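Trainee: Sequence:
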Amino acid sequence: MVEARPGYVLRALELFAGYGDRDAIVGIQWEGRWTYAQARALILDMAARLRDDGYRPGMTVGIVVAHPPEAPLLQLALHLLGCRTAWIESDSPRRDIDEYLALVPPERFIYDTRTRHAKVGRQLAEELGVPVHCLGPDGLGPDLLVPAASPVEPFDLATAMGAVESIYQTTGTTGRAKLIRHGAGMFEQMTALGEEWEARGRPHLRHLSLTPMWHAAGQAAALLNLTSGGTLFIPFRFRSWEYLEAIEEHRVTSGYIAPLMLNAILDDPLVETADHSSMQLLSLGGGAVTPARLRQAIERFGPVVRMTYGLSELPYISDYPNMTVDPDHPDRLRSCGKPYGDVRVEIRDEDGNRLPPGEVGELWASSKLCLLEYMGQPELTAERLVDGWLRTRDLGYADEDGYLHLVGRVQDMIITGMGAEHIFPRPIEEVLSAHPEVRAAAVIGVPDDTLGEVAYAYVVTAEGSAVTAEELSEPIAENLGGSWVPQTIEFVADLPHTANGKVDVKALRAAWAAAHPTTAPDTIGSPT
Numbered sequence: 132m133v134e135a136r137p138g139y140v141l142r143a144l145e146l147f148a149g150y151g152d153r154d155a156i157v158g159i160q161w162e163g164r165w166t167y168a169q170a171r172a173l174i175l176d177m178a179a180r181l182r183d184d185g186y187r188p189g190m191t192v193g194i195v196v197a198h199p200p201e202a203p204l205l206q207l208a209l210h211l212l213g214c215r216t217a218w219i220e221s222d223s224p225r226r227d228i229d230e231y232l233a234l235v236p237p238e239r240f241i242y243d244t245r246t247r248h249a250k251v252g253r254q255l256a257e258e259l260g261v262p263v264h265c266l267g268p269d270g271l272g273p274d275l276l277v278p279a280a281s282p283v284e285p286f287d288l289a290t291a292m293g294a295v296e297s298i299y300q301t302t303g304t305t306g307r308a309k310l311i312r313h314g315a316g317m318f319e320q321m322t323a324l325g326e327e328w329e330a331r332g333r334p335h336l337r338h339l340s341l342t343p344m345w346h347a348a349g350q351a352a353a354l355l356n357l358t359s360g361g362t363l364f365i366p367f368r369f370r371s372w373e374y375l376e377a378i379e380e381h382r383v384t385s386g387y388i389a390p391l392m393l394n395a396i397l398d399d400p401l402v403e404t405a406d407h408s409s410m411q412l413l414s415l416g417g418g419a420v421t422p423a424r425l426r427q428a429i430e431r432f433g434p435v436v437r438m439t440y441g442l443s444e445l446p447y448i449s450d451y452p453n454m455t456v457d458p459d460h461p462d463r464l465r466s467c468g469k470p471y472g473d474v475r476v477e478i479r480d481e482d483g484n485r486l487p488p489g490e491v492g493e494l495w496a497s498s499k500l501c502l503l504e505y506m507g508q509p510e511l512t513a514e515r516l517v518d519g520w521l522r523t524r525d526l527g528y529a530d531e532d533g534y535l536h537l538v539g540r541v542q543d544m545i546i547t548g549m550g551a552e553h554i555f556p557r558p559i560e561e562v563l564s565a566h567p568e569v570r571a572a573a574v575i576g577v578p579d580d581t582l583g584e585v586a587y588a589y590v591v592t593a594e595g596s597a598v599t600a601e602e603l604s605e606p607i608a609e610n611l612g613g614s615w616v617p618q619t620i621e622f623v624a625d626l627p628h629t630a631n632g633k634v635d636v637k638a639l640r641a642a643w644a645a646a647h648p649t650t651a652p653d654t655i656g657s658p659t
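If you use the working numbering, the sequence shown corresponds to residues 132 to 659, in order.
Do not take every clue at face value.
DSS-like mimics (lysine-lysine), calculated; alpha carbons at most 25 Å apart, straight line [said to hold, decoys possible]:
{"id": "1", "residue 1": "Lys499", "residue 2": "Lys469"}
{"id": "2", "residue 1": "Lys499", "residue 2": "Lys250"}
{"id": "3", "residue 1": "Lys469", "residue 2": "Lys637"}
{"id": "4", "residue 1": "Lys250", "residue 2": "Lys309"}
{"id": "5", "residue 1": "Lys637", "residue 2": "Lys309"}
{"id": "6", "residue 1": "Lys469", "residue 2": "Lys250"}
Label-pair ranges, simulated between beta-carbon atoms [what the hints assert, rightly or not]:
{"id": "7", "residue 1": "Asp274", "residue 2": "Arg475", "range": "37 to 47 Å"}
{"id": "8", "residue 1": "Pro188", "residue 2": "Glu327", "range": "46 to 56 Å"}
{"id": "9", "residue 1": "Gly149", "residue 2": "Asp184", "range": "27 to 37 Å"}
{"id": "10", "residue 1": "Asp580", "residue 2": "Glu327", "range": "36 to 46 Å"}
{"id": "11", "residue 1": "Glu514", "residue 2": "Asp406", "range": "27 to 37 Å"}
{"id": "12", "residue 1": "Asp532", "residue 2": "Pro578", "range": "33 to 43 Å"}
{"id": "13", "residue 1": "Asp482", "residue 2": "Pro452", "range": "51 to 61 Å"}
{"id": "14", "residue 1": "Glu514", "residue 2": "Arg226", "range": "20 to 30 Å"}
{"id": "15", "residue 1": "Pro487", "residue 2": "Pro285", "range": "52 to 62 Å"}
{"id": "16", "residue 1": "Lys250", "residue 2": "Asp406", "range": "36 to 46 Å"}
{"id": "17", "residue 1": "Pro285", "residue 2": "Asp399", "range": "41 to 51 Å"}
{"id": "18", "residue 1": "Asp398", "residue 2": "Lys250", "range": "44 to 54 Å"}
These aren't lab readings, by the way, just hints derived from the structure by calculation.
Every value quoted in this text rests on a predicted model; they were computed, and no experiment measured them.
Here a beta-carbon is modelled for each residue, glycine too, at the ideal position from N, C-alpha and C.
Just need the whole structure built from these sequences, with the hints factored in.
Mentor: Printed below as a string of structure tokens:
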């Protein structure tokens, strides 16, 4: 039996050597700027130091960081050693973190001392009782970002052994977080896509990265951009005006933002004057973007807008680049595009039978990017991974041209009325958000004594708006039907969101449950 080697890391290091003095990673509000040569040297230096401190193939390394510019290099160094990386979202409830660590006990631990995440990192480091290293000073272990106290023997790439694995928490807008184990397939596929980009002579992207490295999509995007020879700009935080300023200052050509981030950017007065002419690709993902907001984005940024769809389980499923308002296909703005890369997609019914175009069913996907398993949940793994396909639990359909349209999650489906009609949050949110005085909207299903379930809407309006729930209900009834009209429309100052910028449906459901301990109200609400 041939022992596994971290092939994607070795290939990435070859590519880095060839890219040489190009800028690889630039911190914004962070200190740090690395050329590809310098990034390669730091990866090898970290690997050598960790090797000398006992890191070995197969070890599990727990990691708590925010989104530091060194994180992609740390991942490569640990995978070069054959270690399994376990990325912990420190903003998670402590219960979730404890369950994570019980399922995946780390043998080593690394945390960032430079941000608010340091408090959780230090606490876990003290509790775990394993060897600790740090990114930054004043931690409980050596700082990997400063030279070692004594000379370190260079890392010999010929000795690199071990299987490539990483574990991530889902962002989990509903229920408790699940632990997703990815293997070499995801990293090898993203490296191959990066090489393909470079081989085709496409422009080197200057990508503004906001997706944190504790998320699979953040790591996939970082690897794609680095292996294609682009420059990764990593900001300390997201603020709409700082994002626009960064595009202008650094001549950014590519970015990825979540829907609530897009809303904040479009509503920021600076968007009227900021120079974003350098942008070639503005990718949107992590949740539904309404057609109204898409039209605004296309009008503001031009046909560089790209809708994407993916999951923690399979980070890139489809994309729709160069979006325009097509009068021949007005519904196309509701699409998340066509399958991306090696991904295959089928729409199937409850029995697993493939459905024809136009019929709503569950989306099944297959790709090298797919997870290996849900850690500690063999029943869920068996349910979701079937004969090489991932059951996404997303409901949607494909049109005659192969464009995918999502209508909601299986668990978000609302069954209402005597006829048990199936309705979904997303179409309601789209109609609500089309109103010029609505800035954002989210819909959940709630219990109702008469109808079984009904829709309940949370709406954020523009400052000074006097729009009423009745006015917002009329177009829903007209476009979707009376059963789709939310039983209550609650006006709120803002929507809760996860660290990834998604609307936090779990928080909305918890807020509703706390405010309505018995039954749902049966009248449309009024502004508060």
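Trainee: Now tell me if each hint is right for this structure.
Mentor: These are the hints, each one checked on the structure:
1. About 17 Å separates the Cα atoms of Lys499 and Lys469, which keeps this hinted pair within 25 Å; it holds.
2. The hinted pair formed by Lys499 and Lys250 fails the criterion: a straight-line CA distance of about 37 Å is larger than 25 Å.
3. With a C-alpha separation of about 29 Å, the suggested pairing of Lys469 with Lys637 is violated against the 25 Å cut-off.
4. Restraint check for Lys250 and Lys309: satisfied, since their Cα atoms lie roughly 23 Å apart, inside the 25 Å limit.
5. Distance hint between Lys637 and Lys309 is fulfilled; the C-alpha atoms sit about 14 Å from each other, no more than 25 Å.
6. Among the hinted pairs, Lys469 with Lys250 is inconsistent with the structure: their alpha-carbon atoms are about 43 Å apart, more than 25 Å.
7. As the Cβ distance of Asp274 to Arg475 is approximately 45 Å, the hint placing it in 37 to 47 Å holds.
8. Our hint of 46 to 56 Å for Pro188 and Glu327 is violated, since their Cβ atoms are close to 29 Å apart.
9. The hinted window of 27 to 37 Å between Gly149 and Asp184 holds, with their beta carbons roughly 30 Å apart.
10. Between Asp580 and Glu327 the Cβ separation comes to about 57 Å, which falls outside the hinted range of 36 to 46 Å.
11. Checked against the hint of 27 to 37 Å, the pair Glu514 and Asp406 fails, with Cβ atoms roughly 49 Å apart.
12. Range check, Asp532 to Pro578: about 39 Å between beta-carbon atoms, so the 33 to 43 Å window is met.
13. With their beta carbons about 34 Å apart, Asp482 and Pro452 fall outside the hinted range of 51 to 61 Å.
14. The hinted window of 20 to 30 Å between Glu514 and Arg226 holds, with their beta carbons roughly 24 Å apart.
15. Our hint of 52 to 62 Å for Pro487 and Pro285 holds, since their Cβ atoms are close to 60 Å apart.
16. A beta carbon spacing of about 38 Å between Lys250 and Asp406 agrees with the range 36 to 46 Å that was offered as a hint.
17. Checked against the hint of 41 to 51 Å, the C-beta distance between Pro285 and Asp399 comes to roughly 48 Å, which is consistent with it.
18. A beta carbon spacing of about 32 Å between Asp398 and Lys250 contradicts the range 44 to 54 Å that was offered as a hint.
When held up to the earlier numbered hints, the structure conflicts with 2, 3, 6, 8, 10, 11, 13 and 18 and fits the remainder.
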